[in-house]
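Visitor: Chains as they are written, first to last, in the working numbering: chain A, 1 to 233; chain R, 1001 to 1233.
No wet-lab data here; the hints were simulated from the structure. Note that the structure is a prediction, hence the values are computed from the model and not measured. The reader is advised that the hints may include incorrect statements.
[What the hints assert, rightly or not] To give a feel for the contact side, a few chain R residues facing chain A, derived at Cβ under 10 Å:
#1 A1069
#2 A1105
#3 Y1113
#4 F1145
#5 L1155
[What the hints assert, rightly or not] To be clear about the criterion: a stretch of chain R counts as covered by chain A if any three or more of its residues have a C-beta under 8 Å from a C-beta of chain A, and this derived list gives those stretches:
#6 1115-1129
#7 1184-1192
[To be verified] Computed list of chain A residues with no C-beta within reach of chain R, every gap over 10 Å:
#8 A69
#9 D125
#10 L187
#11 G188
#12 D190
#13 G208
#14 D222
#15 A223
#16 Y231
#17 V232
Here a beta-carbon is modelled for each residue, glycine too, at the ideal position from N, C-alpha and C.
Protein chains: 2
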Amino acid sequence: MSEADRAPVDKAVVLLSGGLDSATTLALARDQGYDCYCLSFDYGQRHAAELDFARRVANTLGAQQHRVAMIDIGAFGGSALTDPDIPVPDHGQSPEGIPVTYVPARNTIFLSYALGWAEVLGARDIFVGVNAVDYSGYPDCRPEFIAAFETLANLATRSGVTGDRVRIHAPLMALGKGEIITRGIALGVDYGITVSCYRLDSSGAACGRCDACVLRRKGFDDAAVSDPTRYVE
Amino acid sequence: MSEADRAPVDKAVVLLSGGLDSATTLALARDQGYDCYCLSFDYGQRHAAELDFARRVANTLGAQQHRVAMIDIGAFGGSALTDPDIPVPDHGQSPEGIPVTYVPARNTIFLSYALGWAEVLGARDIFVGVNAVDYSGYPDCRPEFIAAFETLANLATRSGVTGDRVRIHAPLMALGKGEIITRGIALGVDYGITVSCYRLDSSGAACGRCDACVLRRKGFDDAAVSDPTRYVE
């Protein structure tokens, strides 16, 4: 079959962090038949090595394109992930409420960029790996946040005028970490090239003790899959 | 009265472009008693000189702070304001529908940044100079877009959890350009240090012929105020 005979494939913009959740989200979007345009952000995050992981994930899982947008949210401070003066605590050491690793308005900003790129690409589908089960402390990981963003997206863009609906897909929303890993493994995701740690060392080894590491370890336990992560200890 | 005796003043984040509308919005926010934290964006816009105008406007109108965030939306292309391959047309030369000067998802991205900064500052009020009367071709200048963003903002952030409501103020929404100018003049705005032109020349002179110039000229006519803009011709 020649190129010209192929049915057009729908494009999707997929937010990709280099972590376990977004890698699984990309695999799910590819499995649904989308041509995937992956978008990562360089926002002065403490764990900048995650961008190298994101590149490898995009290549390995057959993304059509991968872009890294430089953004300036670290300048506002207010989060342990972007402000060197706020330490990332060990798991269990955070006070009640929203964790200090929360970056103000991060998912709103990420989805806004995805929306802009989707509009230029002519894509109507945006995939994001947020998850309410393991991250209930982050306000912008809740289903009502995603629903409100979809409403906004359909008012904010040309599609709001032409009637072509934009859809925000959050396929991991209701899944636990173990279930996410089980689905990813079934789709051939190599979790050895993903990273979750908030305190990755310069060699790329994970600390094993921050919230992200503890959740990740528990996920592999729950999925009864051996954990391919390289830990410091 | 000593500093310590003063009642605490509410903070507001004000989006400031260096144009006529956002300067008026800042004056209105100051008039309502807010301490104003102004936010501008360097997004590879064709008319980058507007950032110098924004700085002067922020200084002159008594902003508490002025920040310029570098953002990467030009990289996606798709607009005459950021893509050098798409010329800015003269007024009246655009086809029907959304103008080519529309930047995909721009106001969504700008408001998202404002929301992040507001959260870090502890501000609950965000001011934006959008206006549905003269820019009805831009989907993200409509009242329903602003309302949807306010809903989103209250789900996206700590305030969504603590119950402290975030408000998005768009005080120019229903005003024509002439009315905006009349109100600004009453508040002491010097429109000679604002800029509207999409095709400003290197000396800072406005073209007089793009949509933005034509609307601006007509605004001064309608307000029966002499136009302080320096035009090329």
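Visitor: All the hints need checking, so say for each whether the structure fits it.
Guide: Comparing the hints with the structure gives:
With a cut of 10 Å, the hint placing R/A1069 at the interface with chain A holds, because the nearest CB-to-CB distance is about 4 Å. With a cut of 10 Å, the hint placing R/A1105 at the interface with chain A holds, because the nearest CB-to-CB distance is about 3 Å. Look at R/Y1113: its Cβ gets to within about 6 Å of chain A, closer than 10 Å, so that hint holds up. Of the supplied interface hints, the one on R/F1145 holds, with its beta-carbon coming within about 5 Å of a beta-carbon of chain A, less than 10 Å.
Interface hint at R/L1155: satisfied, since its Cβ lies 5 Å from the closest Cβ of chain A, which is below the 10 Å cut-off. Only residues whose C-beta sits within less than 8 Å of a C-beta in chain A count toward coverage, and the region 1115-1129 of chain R has 5 of them, enough to reach three; the restraint holds. With 0 residues carrying a beta carbon less than 8 Å from a beta carbon of chain A, the region 1184-1192 of chain R misses the three-residue requirement, and the given coverage is violated. With a closest Cβ-Cβ approach of about 4 Å to chain R, A/A69 is found to fall inside the 10 Å limit, against its non-interface label.
Every Cβ of chain R is farther than 10 Å from the Cβ of A/D125; the closest lies at roughly 15 Å, confirming the non-interface assignment. A cut-off of 10 Å between C-beta atoms confirms that A/L187 is not in contact with chain R; the least separation is 28 Å. Distance check on A/G188: its Cβ is at least 30 Å (rounded) from any Cβ of chain R, clearing the 10 Å threshold; non-interface status holds. Residue placement check: A/D190 keeps its beta carbon more than 10 Å from all beta carbons of chain R (closest about 29 Å).
The Cβ of A/G208 lies farther than 10 Å from every Cβ of chain R, with a closest approach of about 29 Å, so its non-interface assignment holds. With a least beta-carbon separation of about 27 Å from chain R, A/D222 lies farther than 10 Å from that chain, consistent with its non-interface assignment. At the 10 Å boundary, the C-beta of A/A223 stays outside the reach of chain R, the nearest C-beta of that chain being 30 Å off. Residue-level check passed: A/Y231 sits 32 Å from the nearest beta carbon of chain R, beyond 10 Å.
No Cβ of chain R comes within 10 Å of the Cβ of A/V232; the nearest lies about 31 Å off, and the non-interface call holds.
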